[in-house]
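Could you put together the complete structure from these sequences and hints?
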Amino acid sequence: MSTFKLSASALAIAAVSATAAAARDNVQVAGSSTVLPYASIVAELFGENTDFPTPVVESGGSSAGLARFCEGVGENTIDVANASRGIREKEIVACAENGVTDIIEVRIGYDGIVFASQLNGPAYDAFTPADIYQALASELPVGGAMVANPNTTWADVNGDLPAEEIIAFIPGTKHGTREVFEEKVLLQGCEDTGAWDAILEINGGDEDAAEEACMNVADDGRSVDIDGDYTETLARIDANPNGIGVFGLAFYENNTDKLKVATMNGVMPTTESIAAGDYPVSRPLYFYIKKAHIGVIPGLKEYAQFFMVDEIAGPSGPLAAYGLVADPELAATQAKIANEETLN
-10 MSTFKLSASA LAIAAVSATA AAARDNVQVA GSSTVLPYAS IVAELFGENT DFPTPVVESG
50 GSSAGLARFC EGVGENTIDV ANASRGIREK EIVACAENGV TDIIEVRIGY DGIVFASQLN
110 GPAYDAFTPA DIYQALASEL PVGGAMVANP NTTWADVNGD LPAEEIIAFI PGTKHGTREV
170 FEEKVLLQGC EDTGAWDAIL EINGGDEDAA EEACMNVADD GRSVDIDGDY TETLARIDAN
230 PNGIGVFGLA FYENNTDKLK VATMNGVMPT TESIAAGDYP VSRPLYFYIK KAHIGVIPGL
290 KEYAQFFMVD EIAGPSGPLA AYGLVADPEL AATQAKIANE ETLN
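Taking our numbering, the leading residue of the sequence shown gets -10, the next gets one more, and so forth.
Hint data in this document are derived by calculation from the structure and do not stem from the laboratory. Any given hint could turn out to be false.
Said to hold, decoys possible - With a Cα cut of at most 27 Å, we get these calculated DSS-like pairs of lysine-lysine:
1. K247 x K163
2. K163 x K173
3. K249 x K79
4. K280 x K173
5. K173 x K249
6. K280 x K325
7. K249 x K163
8. K249 x K325
9. K163 x K79
10. K280 x K163
11. K79 x K247
Below, the structure is given as structure tokens:
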């Protein structure tokens, strides 16, 4: 990244010198594996272009990162949590119980959730949420009752798909990607097929139970949770030529020599289709800052500001080149960081 040239506005932030007296002199970040590559790019540039040490960036998943973030305040706790979903109310409560009461939410941009398979494997090139739901659901409503999902091949679900055994590698429950997958693919597919209405009729109108049923995936090998990052999913695809995997758009775009991607509802996932709102399975990406650490941990606010300058997070910056869809409200986010605005 050393060849990247910063503009005057970015250098204005970078020019701030590190303070000497501090219990810990580097910013510590953990969380989402989706946000990890973006944060790593920024950390490297920040270390190269400022007097602050390069921040330490770790993965672990959105939930794990936020759990660490909420452990408390002090040099033995992390400063920033990366997340591929918004922080949940129960996590805000957990933070508050441990003294983390002022949290700054930073939306860095958008990413797409894509379905990709082995480059030379079967032609899984077009899906709908209904296809994925009918393939992976543990049970389906049939004749006024819930029955075990009878579909074993993709052709059982959709005659236009290959007659290959269903096997999908999906993000584990600790990943922010899982939440988007459940809500925008499984739940949407459940509604699109009419299963939602049928399940409501079966269970007497209990919407919470219907939602749970729609998002309950089979545990018979058709659906396999991946608790690691996308490299683990890629390894599974390498070992299973007929499998499909759920990836972030940026990861896919950096592995097009190994993977081919499917459309969703006829739309190809690209930064352009996500920015236009046409691709149906996309989500915002975030990081969260512990305000109590600003002014205590050298470079924390400067790192956040550096991350979000136009030249870094904008449509022509290095994060966009890696696959991030720039946030059209970037200026508002920059002002939020400058003013240290916290969640209500």
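Just to be careful, I want the Cα atoms of K163 and K79 compared with a cutoff of 27 Å; is the pair within it? The hint holds at about 15 Å.
Going straight from one Cα to the other, do K163 and K173 come out at no more than 27 Å? holds (17 Å)
Sort out whether K247 lies within 27 Å of K79, counting only the CA atoms. Not OK: K79 and K247 at ~39 Å, beyond 27 Å, violated.
Would the hint linking K280 and K163 be met if the CA-CA limit is 27 Å? This hinted pair holds, its Cα atoms lying about 25 Å apart.
Is K247 close enough to K163, meaning Cα to Cα at most 27 Å? Within the cut-off at roughly 26 Å; holds.
Quickly compare the C-alpha distance for K280 and K325 to 27 Å and report which way the hint goes. Measuring from Cα to Cα gives roughly 12 Å; hence the hint holds.
Between K249 and K325, is the straight-line Cα distance small enough, at 27 Å or below? violated (39 Å)
Given the proposed pairing of K173 with K249, does the C-alpha separation stay at or below 27 Å? holds (21 Å)
Within a Cα-Cα threshold of 27 Å, do K249 and K79 meet the stated pairing? Distance of about 38 Å is beyond 27 Å: violated.
Next pair to validate is K280 with K173; report whether the Cα-Cα distance is within 27 Å. Violated, because 32 Å separates the two Cα atoms, which is more than 27 Å.
Satisfaction of hint between K163 and K249, Cα-Cα up to 27 Å: Holds, at roughly 26 Å.
The structure fails hints 3, 4, 8 and 11 (numbered hints given earlier, in ascending order).
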